[in-house]
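Asker: As you go down the protein sequences, you meet chains A and B in turn. The first sequence: position 63 = 63 (the numbering used here), numbered continuously. The second sequence: position 126 = 245 (the numbering used here), numbered continuously.
Please note: incorrect hints may appear among the correct ones.
Said to hold, decoys possible - If the Cβ cut is set under 8 Å, some of the chain A residues that face chain B in the computed set are: (1) HIS6; (2) SER38; (3) CYS40.
Said to hold, decoys possible - Chain B stretches covered by chain A per the calculated footprint, using a threshold of three residues with CB under 8 Å from any CB of chain A: (4) 162-174; (5) 262-276.
These are calculated hints, taken from the structure and not from any lab test. All C-beta atoms in this analysis are idealised placements derived from N, C-alpha and C, irrespective of residue type, glycine included.
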Amino acid sequence: MTAVMHVLPYLVAAWVFLAGCYGLATSRNLIHAVGCLSVCQAATYVLLLGVGYRKDATAPVFSDIRPGSRPVVDPVVQALTLTDVVVGATVTALLLALVVQIAKRHGTVDPDELSELRG
Amino acid sequence: MSRRVRLWLVLTGGAGLAVLLVAACLNLPSFGGDRHPYGDRAVRASIARHTANVVSSVNFDQRAFDTLGEMTILFGAVLGCVMLLRQTRDEHRARPEPAEVAPPVRRYALLVLPVALVTGIYVIAHGQLSPGGGFQGGVVAATALHLLYLGADYRALERIRPLGVYEVGDALAASSYVVLGLAGLLGSTTFLANSLLPYGTFNTLSSGGTVPLLNAAVGMEVACAVVLLLARFLDQAVEIEKENGE
């Protein structure tokens, strides 16, 4: 049981990433595809927070605990996750803006129907 | 390539990737372990510089240069969205109609708006002390304004949201981050060094040296950026129409 617990969070991250990839590859709708990309990115949040976790530890914020009195989780990966979330949000916004333009120019958001070039 | 062949290709590649990922997971240090060399050093550095929220210290002090890059990505994405979602020649702007809002929704939205706005500003201001910071608080403050769209209508939102001001605010906040970084060169020889201001008393608003200032600059930039992004998307949904009424 404990042996499984030692890798389970990492396996969950891998599973979420693969599920997102599957959705991206089989998507019939560009908005759905952008959602799938967000799922892929969510896997990195799980992985980073999983790497930084420490048993019986609390948040790395010392406004209400005395420094050194309790173990804290790794703040570096938490900061990386924050960066990840921000970049993910901006990428989603930019991709959705592209989808809006594609829908206007081509009248469809199915990637399979977007094979021809149009000026 | 037909959909069937493509699906098989994806499944084969996915299975290979899954095997590699599982093999990698089995070799990672076990979950919840006690060995976090970088985390321990970050905590020590943060406390030495009187910053209670270690995550803020990592973002705005130890990795401040990376945050400059992150902020530039946000700035670039806003520029890209403004370009992509502008009004084209074959479109015109329709005047949005005043909308009927159910009284409970209106009451609730107008009640929560000031509370949400103050919460956002609180989260930005206490970024160096408690969980949160410029990125999180900026999003809360920016979305709080949009409660007016839910509680009243689009025209009410447009009145409290002069986009030009937010564009200037976005650019000013981004450049003030760079200026604060250059100011770091005065006290030492390093860009964005946290050596300009005294570190202050631990766990007070003015602690952490330049961390609260960089945090405030990022909070302002994120708030302006989110307002601008949402404005572009709302414009597309509410105002901009095709010329021939499609």
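Asker: So, for every hint listed, does it hold in this structure?
Answerer: Hints, one by one, checked against the model:
no., hint, verdict
1, HIS6, "holds, 4 Å"
2, SER38, "violated, 15 Å"
3, CYS40, "violated, 12 Å"
4, 162-174, "holds (count 7)"
5, 262-276, "violated (count 0)"
The earlier numbered hints that this structure contradicts are 2, 3, 5.
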